[in-house]
Amino acid sequence: MADAIVVHDLRKTFTRRGQPEVRAVDGLTFSVRRGSIFGLLGPNGAGKTTTLKMLTTLLRPTSGEITVEGFDPVKDPLEVRRRISVVIQESAADLFLSVVDNFGTFGRFHGLSSSAIRERMDDVLDQFELRSEANRKVMDLSGGFKRRVQVAKVFMIDTPVVFLDEFSTGMDPILKRSVMARLRQEATRGRTIVLTTQILGEAEELCDDILIMRAGRQAARGDINTLKLLSGGLYEISVTFAALPESLENAIAAYHPHRVEVTQNSALITVREQEGRVLDLVAHLGRLGRVLRIEVSGASLEDIFIELTAAAPEVST
Amino acid sequence: MSALSAIMYREGKIRATNLTFIFWDLFYPLGYLLVFGVGMTQAMGMKPLAIGVDYNAFFLAGVLGMASFGIASNTAWSFFMDRDNGIFFEMLTYPMRRAEYLLGKGLFNLLVSIAQAVVTVMLAEIVLDVPIRWSSLPLLAAAVFIGTAGWFFFYAIFALMIRRNDVFNTVTSVFYFILLFASSMFYPVEPLPTPLRQLSWANPITWHVDVLRYATIGVGQPAIVWLEAAGFLIFTAAAFAGALWALKQQ
Numbered sequence: 001m002a003d004a005i006v007v008h009d010l011r012k013t014f015t016r017r018g019q020p021e022v023r024a025v026d027g028l029t030f031s032v033r034r035g036s037i038f039g040l041l042g043p044n045g046a047g048k049t050t051t052l053k054m055l056t057t058l059l060r061p062t063s064g065e066i067t068v069e070g071f072d073p074v075k076d077p078l079e080v081r082r083r084i085s086v087v088i089q090e091s092a093a094d095l096f097l098s099v100v101d102n103f104g105t106f107g108r109f110h111g112l113s114s115s116a117i118r119e120r121m122d123d124v125l126d127q128f129e130l131r132s133e134a135n136r137k138v139m140d141l142s143g144g145f146k147r148r149v150q151v152a153k154v155f156m157i158d159t160p161v162v163f164l165d166e167f168s169t170g171m172d173p174i175l176k177r178s179v180m181a182r183l184r185q186e187a188t189r190g191r192t193i194v195l196t197t198q199i200l201g202e203a204e205e206l207c208d209d210i211l212i213m214r215a216g217r218q219a220a221r222g223d224i225n226t227l228k229l230l231s232g233g234l235y236e237i238s239v240t241f242a243a244l245p246e247s248l249e250n251a252i253a254a255y256h257p258h259r260v261e262v263t264q265n266s267a268l269i270t271v272r273e274q275e276g277r278v279l280d281l282v283a284h285l286g287r288l289g290r291v292l293r294i295e296v297s298g299a300s301l302e303d304i305f306i307e308l309t310a311a312a313p314e315v316s317t
Numbered sequence: 001m002s003a004l005s006a007i008m009y010r011e012g013k014i015r016a017t018n019l020t021f022i023f024w025d026l027f028y029p030l031g032y033l034l035v036f037g038v039g040m041t042q043a044m045g046m047k048p049l050a051i052g053v054d055y056n057a058f059f060l061a062g063v064l065g066m067a068s069f070g071i072a073s074n075t076a077w078s079f080f081m082d083r084d085n086g087i088f089f090e091m092l093t094y095p096m097r098r099a100e101y102l103l104g105k106g107l108f109n110l111l112v113s114i115a116q117a118v119v120t121v122m123l124a125e126i127v128l129d130v131p132i133r134w135s136s137l138p139l140l141a142a143a144v145f146i147g148t149a150g151w152f153f154f155y156a157i158f159a160l161m162i163r164r165n166d167v168f169n170t171v172t173s174v175f176y177f178i179l180l181f182a183s184s185m186f187y188p189v190e191p192l193p194t195p196l197r198q199l200s201w202a203n204p205i206t207w208h209v210d211v212l213r214y215a216t217i218g219v220g221q222p223a224i225v226w227l228e229a230a231g232f233l234i235f236t237a238a239a240f241a242g243a244l245w246a247l248k249q250q
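Line order of the protein sequences matches chains X and R.
Here the first sequence stands for residues 1 to 317, numbered as in this note's numbering.
Here the second sequence stands for residues 1 to 250, numbered as in this note's numbering.
Hints are not guaranteed to be accurate.
[Claimed, not checked] Lysine-lysine pairs mimicking DSS-like chemistry, simulated, CA-CA at most 27 Å apart:
#1 R/Lys13 to R/Lys248
#2 R/Lys13 to X/Lys75
#3 R/Lys13 to X/Lys137
#4 X/Lys137 to X/Lys176
#5 X/Lys228 to X/Lys176
[As the list claims (entries may be wrong)] Listing some non-contacts, in silico: residues in chain X with all C-beta distances to chain R over 10 Å:
#6 Val6
#7 Thr29
#8 Leu58
#9 Leu78
#10 Phe109
#11 Ser115
#12 Ala181
#13 Thr188
#14 Asp209
To be clear, the hints were calculated from the coordinates, so they are not data collected in a lab.
Built from N, CA and C at the ideal position, the CB exists for glycine as well.
Here chain R stands alone, though its shape is the one from the complex (with noise of 0.2 Å):
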């Protein structure tokens, strides 16, 4: 068995032991599209947006994008579990590489991510009636696991740099308000004013989230989007890198 295969082995074993984690992890994001997405819709008076569809159609990519922010910040924060338990220096000792820790660390969670956007895109489209562009399903599935790599990796650096469980949790709440905050996630990015709008189009959450929307509702430019997505790709590299690096100085 490889060293991939053993760590998404103990990951899985972890996760398996409480149950409620599962669950809330596969269906929180559809919670969050029913309370939050059904009540802006209800107060906004059922209008399209500018763009030509409903608010729930529209948040739905915004809610896969937080689900994947929320499942990589938890996984990066798991570093600090596995140091708490000194586990975490043990395993480094461990037949595998330092980029095999990293990857397998996040693969399982990146599973747990793909079969949560199944999960509420499937019930997005029963529940709420959101039109969902099934042939896109391969491009989706892509910018989850894509998306949640990267988040993953780029929160590791800082679990990895950061010794203080307090400081991360305080360093995780800055990310939240402002990555997401100033993105295409809650509302569409043109309408805002230049600085907003300039700070949007340089956060790679609003580069996710386009790409989320262009697959699960068809939305977007493509060639913007695409562009969207290649920013992405180069986002997770360095995030990866940093992560790795990050872990070699351990």
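The shape of chain X in the complex, shown without the other chains (with noise of 0.2 Å):
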């Protein structure tokens, strides 16, 4: 099966008068696999959202090439535009038409004629939970509801390749969880995904491939379980205290910790440490209070993006 997707030493630079020159991309090559949920990870300003406008005729390359379904965006921007839906990072809707309205237009500028619109809009509204909101503007919604409007639009039509662009930002729980099903449905009738997020359990859960940019580059590629064998050592603990020791802190400053999370009672410890050091710190913990709850798993992709992207340890409470 042909990649819905490829790109070769993507570069794109801005240049601003009096400022230094900034590249955005540099130099990036990845392909997608058609019928794949592709995911673009990275931390602010790593260039995701840059390659996603370049990918969507938003945005003119540097250099570089790019096929979307076969298509150069730049070269033949109408056919990329022909095949792809886009969900931009930013709340966008048209805030004077109703909910159908925006599903009306959406529809009519892709195509659809006004039975195959009314159609669709049923599902849409059911699945998006907008049923009760369909005649009213999208000015009156709150953020929440805009988003959805804005994320059921794509559901509508029926192009090969999707990019959604922190699609999940204001979504709740269930519904978030819905669409995500959706759009392992969709991936599985051969529609291709491409997403951002910094959300990584949703990447994690969401994605066949993953490529984790940095500094508009690639840092890491592959799928969830080849990304974690990058983690090489990379021990996550948790433990819950029957009351949190106060000497906690000092107490596992010896093993170098990746990243301590301390919420309440409960400490979330990543290190990077052979096993046997593992167990002494476990021991150790041990030694510390009474423990309620401890356990040790490999990384999770969290752990990893932290790891690939953060220049220093990072701790949190």
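Make one complex out of these two single chains by using the hints.
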């Protein structure tokens, strides 16, 4: 099965008068398998949205090659636009129009007949729980509902490629789960989904293939299991004490933790150590106070992400 | 449904959400003619101008030109609305060419401006006895259509290149002041002092209003009017090219 998206040595440089040149994307190469869910991850300013803008004809690359469903977004932008639907990062809707009219105009732009619009709208209104708001102007809806309208639109049409930039912003967990299930279904039907997200659990659960970006370049690439192999000796220890020991931070400092998150009487500690040293740390924690629960696991996507993208260890409470 | 008709459908839907706006669009030129035109005619003692018509008849074309200018700047301003709503960039990923986006956005409002012109001209004849040259109706429709399009494309360049709404509003105010008053919109150009007269002849509003005046009441030398029409067509084409360039820079 051919790739839906192919990107080769993509670069985008921004130049502003009197300011140093910014290389937002710097030699990115990747491809996206048709019918897969591809996650583009990275910290703020890593170049994810710039990459997405170049893939969706919103921005011309400085150099490099892109094909989306076999078409070049620079040379054949219209052919690309016929094959994609896009949820941009910012909230985007016709505020003066009702929910129904937003769907109607979107459908018309994508060549749907009135009857097809009605039929698909029914399905989308139900899935996104927008039925009761159908005739309200979008300007009168809450931020979360506006986002629903924006995301729901891409399910009105059947473009082979869907781009979602931070799609779940403002969605409640139940709706998010339902949208994720729908995205999975769409991918099974052969649609290619490209998404960016800051919520790593979302990417871990949804994406078949992940590219982590840092400073415009590829920091890591692969499916979730491949990425976890990159963690090489990274362990996560989750411990709950009866009462949080005061000496906790001092006690674990010797293990050079990658990350420590303390919440009430629990701590999540990420370390890169030999197995023996990890067991030693577990024993050490046991001596600090009465332990209610302790669990040791391999690194999560979040740990790998932080290791690959952050310069210094992070400690948060 | 083509991209052009889809974008016209969208513009129509948005406009239909505000009936006051539609009413204002259709009738404000007539109101202007009644208040300003009749006021000036009374103040000047109902004397015909040197060109042989009274001020109401003279000012009709000015009002139509002003209405085109107003619709064009409002339509261009709606790019800011689209940007504020976030829909602007999303729409740029829809299956349409940039030129179709520009034309479609303009087309709906061009139709509004034609309806507006028809209402104004009909009521100008009925209420103010302006002697309309009905045989030139196709020329009038073309002048309104191309005139509104030209000014929309002209303003779109600024609406697309300027990021701040308040800066755009300042720019349009400057254009209103300079372009409207240094033109044949409110008074004949010939008696003006030389620098103002030269500025007026170089102003595309003068070309547009002169064609409208010729089409409505038959005043003007045909050779000059056709030259002005050709000049305005070139201005419209250049403004379209500029607006398209500006849209492609987004």
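Do the hints match the structure? See the list:
1. About 26 Å separates the Cα atoms of lysine 13 of chain R and lysine 248 of chain R, which keeps this hinted pair within 27 Å; it holds.
2. Distance check on the hinted pair: lysine 13 of chain R and lysine 75 of chain X sit about 33 Å apart at the alpha-carbon level, beyond 27 Å; violated.
3. Note on lysine 13 of chain R and lysine 137 of chain X: the hinted pairing holds, with a Cα-Cα distance of about 12 Å set against a maximum of 27 Å.
4. Distance hint between lysine 137 of chain X and lysine 176 of chain X is fulfilled; the C-alpha atoms sit about 23 Å from each other, no more than 27 Å.
5. With a C-alpha separation of about 25 Å, the suggested pair lysine 228 of chain X and lysine 176 of chain X falls inside the 27 Å cut-off, and the hint holds.
6. No beta-carbon of chain R is positioned within 10 Å of the beta-carbon of valine 6 of chain X; the least distance is around 19 Å.
7. With a least beta-carbon separation of about 23 Å from chain R, threonine 29 of chain X lies farther than 10 Å from that chain, consistent with its non-interface assignment.
8. For leucine 58 of chain X, the shortest C-beta to C-beta distance to chain R comes to about 6 Å, within the 10 Å cut-off, and the non-interface label is violated.
9. With a minimum CB-CB distance of about 6 Å to chain R, leucine 78 of chain X fails to clear the 10 Å threshold, and the non-interface call is violated.
10. For phenylalanine 109 of chain X, the requirement that its beta carbon stay farther than 10 Å from each beta carbon of chain R is not met, with the minimum near 4 Å.
11. Interface exclusion of serine 115 of chain X from chain R stands, the closest Cβ pair being 13 Å apart, more than 10 Å.
12. Annotated as non-interface, alanine 181 of chain X keeps its C-beta farther than 10 Å from every C-beta of chain R; the closest such distance is 24 Å.
13. Every CB of chain R is more than 10 Å from the CB of threonine 188 of chain X (nearest about 24 Å), matching its label as outside the interface.
14. Distance check for aspartate 209 of chain X against chain R: the nearest CB is about 23 Å away, which clears 10 Å, and the non-interface claim stands.
In summary, the numbered hints that this structure violates are 2, 8, 9, 10.
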